[in-house]
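Student: Residues per chain, in single letters:
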Amino acid sequence: GAVVSQHPSWVICKSGTSVKIECRSLDFQATTMFWYRQFPKQSLMLMATSNEGSKATYEQGVEKDKFLINHASLTLSTLTVTSAHPEDSSFYICSAPGLAGEETQYFGPGTRLLVL
Amino acid sequence: QKEVEQNSGPLSVPEGAIASLNCTYSDRGSQSFFWYRQYSGKSPELIMSIYSNGDKEDGRFTAQLNKASQYVSLLIRDSQPSDSATYLCAVIKGSARQLTFGSGTQLTVLP
Chain A
1 GAVVSQHPSW VICKSGTSVK IECRSLDFQA TTMFWYRQFP KQSLMLMATS NEGSKATYEQ
61 GVEKDKFLIN HASLTLSTLT VTSAHPEDSS FYICSAPGLA GEETQYFGPG TRLLVL
Chain B
117 QKEVEQNSGP LSVPEGAIAS LNCTYSDRGS QSFFWYRQYS GKSPELIMSI YSNGDKEDGR
177 FTAQLNKASQ YVSLLIRDSQ PSDSATYLCA VIKGSARQLT FGSGTQLTVL P
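From first to last, the protein sequence lines stand for chains A and B. Mapping the first sequence onto my numbering, position 35 (from 1) lands on 35, and the numbers just tick up by one. Just add 116 to wherever you are in the second sequence, counting from 1, and you've got my numbering.
With the rest of the complex left out, here is chain A (with noise of 0.2 Å):
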């Protein structure tokens, strides 16, 4: 199946700093993807849709100038969380959807993100 990675696999920052978490798609390309956040013992819960060559799709709720989201390539998405707070740790997964006609979405490994 369709491999997703991400980089770092966890990462700890002070308050106030900014992170910006890659999304890759290996061996297919993605015109879409998705970033969830994920707290401890709660589910995965959608920030963004993430659009090659365009702006992303911000869930309600979710503040886009806190969390800039950009797809420059077909394989690639970041996430860049701007001024992080403590409450901002969590549990950040990408997944991109498979080949056209396809519904599985291929999930990467997540990050883990800590700030203090």
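What the hints contain is simulated information worked out from the structure, not anything from laboratory work.
Here are the simulated distance ranges between beta carbons: (1) B:Gly170 <-> A:Thr31: 28 to 36 Å; (2) B:Ser198 <-> A:Cys13: 30 to 38 Å; (3) B:Glu161 <-> A:Ser73: 21 to 29 Å; (4) A:Ser54 <-> B:Arg176: 40 to 48 Å; (5) A:Val3 <-> B:Ser124: 25 to 33 Å; (6) B:Arg193 <-> A:Leu116: 39 to 47 Å.
Here are the simulated BS3-like pairs of lysine-lysine, each with C-alpha atoms no more than 27 Å apart in a straight line: (7) A:Lys64 <-> B:Lys209; (8) B:Lys209 <-> A:Lys55; (9) B:Lys172 <-> B:Lys118; (10) B:Lys158 <-> A:Lys20; (11) B:Lys209 <-> B:Lys158; (12) B:Lys183 <-> B:Lys209; (13) B:Lys172 <-> B:Lys158; (14) A:Lys41 <-> A:Lys14; (15) B:Lys118 <-> A:Lys41; (16) B:Lys172 <-> B:Lys209; (17) B:Lys158 <-> A:Lys66; (18) A:Lys41 <-> A:Lys20; (19) A:Lys64 <-> A:Lys20; (20) B:Lys209 <-> A:Lys41; (21) B:Lys158 <-> A:Lys41; (22) A:Lys64 <-> B:Lys118; (23) A:Lys14 <-> B:Lys158.
To be clear about the criterion: a stretch of chain B counts as covered by chain A if any three or more of its residues have a C-beta under 8 Å from a C-beta of chain A, and this derived list gives those stretches: (24) 156 to 170; (25) 216 to 223.
All C-beta atoms, glycine included, are put in the ideal place defined by N, C-alpha and C.
Since chain A is already given, all that's left is putting chain B on it; use the hints.
Tutor: Same frame as chain A, now just chain B:
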């Protein structure tokens, strides 16, 4: 009402037993249904997908879909301790291909 609801559990079954996981969804326009398994600290991995009413079997796993009742289930036969994980029900509606997840059911298979 949540879009996708699951019994949060935890659910414990002895090794070798059948584990039954249930999920209901609110939007009748939902088209595609998935079961994901998530180990602690890991991202979800796809177990089963089902798109039409009835049963779909894959090895020890059987997914059941009843669109009239807006209900989808996952049966795990001959449960193994390695099946211990959180199982997430997910639904796609419309053409956006966005997944909406349930809250997950934590399953523990006791050796």
